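Colleague: Start from the sequences, fold in the hints, and give me the full structure.
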Amino acid sequence: MNIAREYHTASILENGKVLVTGGYTGSSYLRNAELYNPTTGNRTITRNMSNGRQEHTASILGNGKILVTGGYDGSSYLRSAELYDPTTNNWTITGKMSVARTEHTASVLENGKVLVIGGWNDSSYFNSAELYNPTTGNWTITKNMINARKGHTASILGNGKVLVTGGQGSSGYLKSAELYDPTTSNWTATGNMNVKRQYHTASVLGNGKVLVTGGYVGTYLSSAELYDPTTGNWTGIENMSNARQGHTASVLDNGKVLVTGGWNTSYYLNCAELYDPITSS
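The numbering of the sequence shown is the working numbering, which starts it at 1 and goes up by one.
Treat the hints as calculated values from the structure; they're not laboratory data. Keep in mind it's a predicted model, so treat the numbers as computed, not measured. C-beta: ideal position from N, C-alpha, C; glycine also. Incorrect hints may appear among the rest.
What follows is a set of in silico ranges between Cβ atoms, one per label pair, in the way DEER data are often shown [what the hints assert, rightly or not]:
(1) 206 x 42: 27 to 35 Å
(2) 76 x 279: 44 to 52 Å
(3) 31 x 137: 18 to 26 Å
(4) 273 x 6: 19 to 27 Å
(5) 185 x 281: 23 to 31 Å
(6) 181 x 62: 39 to 47 Å
(7) 183 x 138: 17 to 25 Å
(8) 15 x 261: 19 to 27 Å
(9) 15 x 76: 31 to 39 Å
Modeller: Here it is as structure tokens:
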């Protein structure tokens with residue numbers, strides 16, 4: 001990248017380029033955005049966001065635009081949201097969320113709306129949820145989660161429901177999981193994970209199961225487990241080679257999951273490992 005950063009986002013655009021937005025340099029909160037071209041390997045600066053922000057979200061909408069929400073700018077937690085248009089490289093302000101939040105999640109539903117849930121603002125953990133309508137640019141409140149949480153994951157299952165796992169709430173780290181049904185706006189509890197965790201990853205596999213890896217619960221985790229949507233149960237599997245939080249997990253075309261980077265105790269990780277769903281190793 002042109003600027004070193006953490007707590008940023010990276011989104012693969014329809015044209016194949018990768019849009020990197022915001023983040024923190026260790027001294028400043030970035031408005032900067034840049035594009036990576038995988039064909040040439042070049043990185044180019046594009047136009048700045050309206051707000052500097054870290055720990056925000058970036059969601060690819062059905063119209064190809066990128067919706068950025070919330071985060072922290074060094075002095076305030078943000079309600080603001082903005083849209084990036086890859087055809088013009090312009091940013092435009094869109095409707096504000098009802099709650100300023102960071103460490104939340106944003107999920108693009110099958111109906112095209114974006115579900116934002118949870119997070120915090122340094123004084124409160126949120127169980128609130130709201131929906132963004134790309135057609136109108138407006139937000140509407142939907143029903144609250146069962147548990148307030150930040151640093152959680154949200155995964156869209158094959159049946160269209162959203163699985164939320166783990167995180168941290170006012171009572172500490174969480175192993176609870178719950179499901180959001182977009183057709184009813186209801187939340188229902190599902191099976192608890194075997195291990196409490198936040199800053200973990202959750203990946204929907206080709207077989208419909210969800211792989212959760214790593215995270216933090218006062219110590220850094222190498223454990224991994226699988227959620228089965230047909231039973232609502234979790235099964236522990238072989239540990240990763242390295243304990244890590246704040247890493248990424250990507251489902252590859254061959255069905256394997258590539259886990260990269262993260263943080264462990266006192267250093268950043270540059271190692272990567274592969275999970276094979278066929279052998280569960």
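Colleague: Which earlier hints can't be squared with this structure?
Modeller: 5, 6
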